[in-house]
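Participant: Chain by chain, the residues run as shown.
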Amino acid sequence: MRALLAHRLAAPVAIALIVVALAFILPSNFYLRVAALVWISALAVIGLNLLMGFAGQVSLGHAGFFGLGAYAVAVLPAQFSLHPLLALLAGALVCGLIAFVVGRPILRLKGHYLAVATLGFGILIAMAIANESWLTGGPDGMPVSRLTLFGWRVRGASTWYWITGALLVLGAWLAVNLVASPTGRALRALHDSEVAARVAGVDVAHYKLIVFVISAVYASVAGSALALVNGFVTPDSANFIHSIELVTMVVLGGMGSVFGSLVGAAILVVLPQVLTTFHDYEHLLLGLMMMVIMIVLRSGIVPSLAALIRRTRP
Amino acid sequence: MPDFLQFCVSGLTVGAVYALVALGFTIIYNASDVVNFAQGEFVMIGGMTTVFITAAGVPLHFAIPAAILAAMVIGLLLHRLAIEPARGASAVTLIIITIGASIFLRGGAQIVFDKQFHSLPAFSGDTPVMIGGAAVLPQSFWVLGGAAVIVALLWFFFNRTLLGKAVLATAANRLAARLVGINTSFVVGFSFVLSAAIGAIAGILVAPITLTSYDIGALLALKGFAAAMLGGMGNPLGAIVGGLAVGLLEALGAGYISSTYKDAIAFIVILAVLFVLPGGFFGRASTERV
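First to last, the sequence lines map onto chains A and B. Under this note's numbering, think of the first position of the first sequence as 1, with each following residue one higher. Under this note's numbering, think of the first position of the second sequence as 1001, with each following residue one higher.
Okay, chain B solo, but in the shape it has when bound (with noise of 0.2 Å):
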């Protein structure tokens, strides 16, 4: 039953960091149908920059924003050099865009960092508390609990602010936005900015226990990508959930059946779940125009 907790909580510190990749996946697609590839790598240049100006000897509280800042500025060049100048290219051709963007970056990253794997101190100490009978690093209280504040952050920015219900508007029908007047430009490039923020806090929260290099950024995104999908494109609540499920996988995969295999787990039951519901937990079932 420890073991069991153990794995959980380990699970589930990972999965937040795939939710939070898989959130920044739904909300550049909701908005602009472009599937980013790059996502994971929003996640590395979070905590490499951090990681590089705190040995600068710059306090952590300030490396943190700034660190979001240089990911949310990538986020929107990526947008306004990349992906706005091929606007109504099909989908596949957006797709290797976002493919290239993310080789780019990552070889961005060992030149302006290095190729080292580097670790951020822990927030609050490293001394694990013990719940249950299993051992919780004070650090995954920080990405679990940053990433509930993140999920509440989104979910009152969406519903309860101007902006974020002209983001759902641009979602739903960005032709009929555009008339109730929208600068849907804006709006995409707001959610790649949004995303790379997202996408960069989950890189500093988890740098502590993962830690963190120049090309987690391309496993990050294949992980985040198949959470999103697993819990059906599109859908912010099946993307947490996702994350989570696909963290979880992974953990009590690797506890009980195998550690080796502990990818393969995590897409077996992936492909089973896509076998009964191929839209994913939350997908709606579609039909196709002619």
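Only chain A is shown next, with the shape it has when bound in the complex (with noise of 0.2 Å):
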């Protein structure tokens, strides 16, 4: 048991396990379509947890490159009638390019200086979004055509559910492949110690750029797919609450835990929907839950709780 779980691929069977019997479970089309966006920010989690959680840097402006990639599959596929499929992996290129040009200047900032500058550098993407109008609808949004594939129309929520299910293993699958490659060793090492990483010969600022290149790819992605399924696009995507909201996933589930960002996903996203029947307490309630689980659980819900297992059972 203990090898099983200590097994590279752990993270991403367990997920697919749990993405295949949720299918069986979940009563009603309405469940199916939680599920869904459950997988779709857990996507982004993952990548921002591999940047997090692994390089050790923080991002509050991901939310700008998830509204860049939904933004993608809402305005080529009108303005330039590109394949929404071509659409998302733009969207995913011109991610991966922007981070790729900011993230040299912005990654040589430590902390909460580096905090302040990608929380900047989501605003900016945020408010071009929310006030070029002519090209994005401003802050009322803009429908998305709908899918098709080989003249089939994609639609209804357990077709998503399957799509943004298989999209949430690949990611899983990706990252834990990328962790146990050695970049990731190397980007563990600069996470223990940037100083300790170079003296070992380390290439400190190559591996933040690439990690930061990748967090921003699954952002991107996983904003379009948002967007696919909603088929409507709002500025609030870009927005930085939902950067705050995306840092906030990946530490309650647990830095550095593939399946740690499910868990932290899972719980942001359905948490708000239940709370709805208390109405005016959802805030209250969920703030007093965030707080509770911090203390109790500090070091996130997944690692917290398997330091707990290990320890009761020797």
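Mixed in with the good hints there might be a few duds.
Unchecked claim - Derived coverage of chain B by chain A (criterion: at least 3 residues anywhere in the stretch with Cβ under 8 Å from a Cβ of chain A; other residues may be distant): (1) 1098–1108; (2) 1212–1226; (3) 1257–1271.
Read the hints as simulated data drawn from the structure, not as lab findings. Please read all numbers here as calculations on a predicted model, not as lab measurements. We put the beta carbon where it would ideally sit given N, CA and C, even for glycine.
Assembling the complex is the task here: the two chains are given apart, and the hints tell you how they should meet.
Facilitator: Shown next, in the form of structure tokens:
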């Protein structure tokens, strides 16, 4: 059992099992839709977790990439009648390029300075999206044309459930492979100490940039997926509050844990849905639960529980 | 020229509020290494509590101290119930706790108060004073003067009182401070109370100009944080300069370039400054210990 849990592919396999199992358990389309939203958020969170949990770099601007991905599949098909899938790839490419260009100067900053620089960068993207109404529809957002594959119109909650679930499993699988690669080792080295990593011959700036670009691509693909599922985009997807939500998901679930990314995303997507029944008390309860979880399970849910299990069963 | 003066005055007024929020960040950060994202909520609590107490018929000069006291109590509770139990957790964990606290306080405010925008009557009327062609609201003088008084009092407190020096000692080295007999847990709690009071005063002073509602805190925390980083995290002078700079940039950017992109202009300048000075205006060049 221990060996199974410690296996490299444990997280993606567990996620795949959950996706398959839930498909049979969830009773209605509404639940399937919420689950699809969880898979999408989890995908973005896995990317951000690579940056935060493995490389130890904070980004408070990832909703910017998420928003760019979302608007790519909205704007490109509408303006240039590009196929939505090509638009998704174009969005991911553009986000990767932007991350590559701004990454080098931004990632020179450390700690809270990095946080505020990425925050500012995210806000620039969000403002451009909200204000360039001629292209993006402004604060009201814009519709996204339906995805058609080989003449088949992709629609329905359960179809999207499987597509987004498959995307998530793919993302998790790529992430654990990256972590186990020499690049992953370099990232963990610079997480523990940049100076020590540099002394050991790790090109710190290079690896930080790589993981920043990768996490931007994850966020962009997740944003595109959300836009396609919803059939509509609003500037809220690029909002700084969404950036903070993504960071919160990473930390709640557990930094450096791919499975934790899913747990963190699930909590912050599902909890507000549940709490809407409490109407006015929704935010009060959400804030309270965030505080209690972080106080009790301070390393994040998955790593803290894993440590607990290891201690009780020697 | 009158335009320029007008933009500067409104920029400095808003900037003074950012500066006070940034000062609150700095005080708590220095004492405890916590970046308190609930700092903006103190501003909201100060303004909203004053509005609702005065609405109940209490005169303004009683409502204001009551509102400041309310914010101080909440600051103390935040430290005792949320920060202290998580002592020793990583910086990111503590940040998420303060974000949770900020959502919690916002949720509480929408229940205790309401979701409307509110205003306070200006303390000395609404007749603008003409200075060099610029029309200045009397309330702007209250904001700027209030901020100046707070800064002066803080300077006196940190340099001339024993408790102030205890806070500085805790900021410099917590373990060493404890070894010389300073109750560091008390000092950290005190810094939360102090920051809450400063935030509440800022919220009350600016409420007649900018209006207040239950959800103003998040954006103020963001701007205050950016201002603190622009000045150099942990440096009180930097917080004040950073706050005023962000306010001025916004006002001048809105006036001369584009009002829809005023926040963007402020952040472009912040990014540019950080690229040149990675530690902000007054940040020390730091070396990492291995």
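Participant: Now, for every hint given, state plainly whether the structure supports it.
Facilitator: Right, here's what the structure says about each hint:
no., hint, in the structure
1, 1098–1108, "holds (count 10)"
2, 1212–1226, "holds (count 4)"
3, 1257–1271, "holds (count 8)"
Checked against the numbered hints above, the structure violates none of them.
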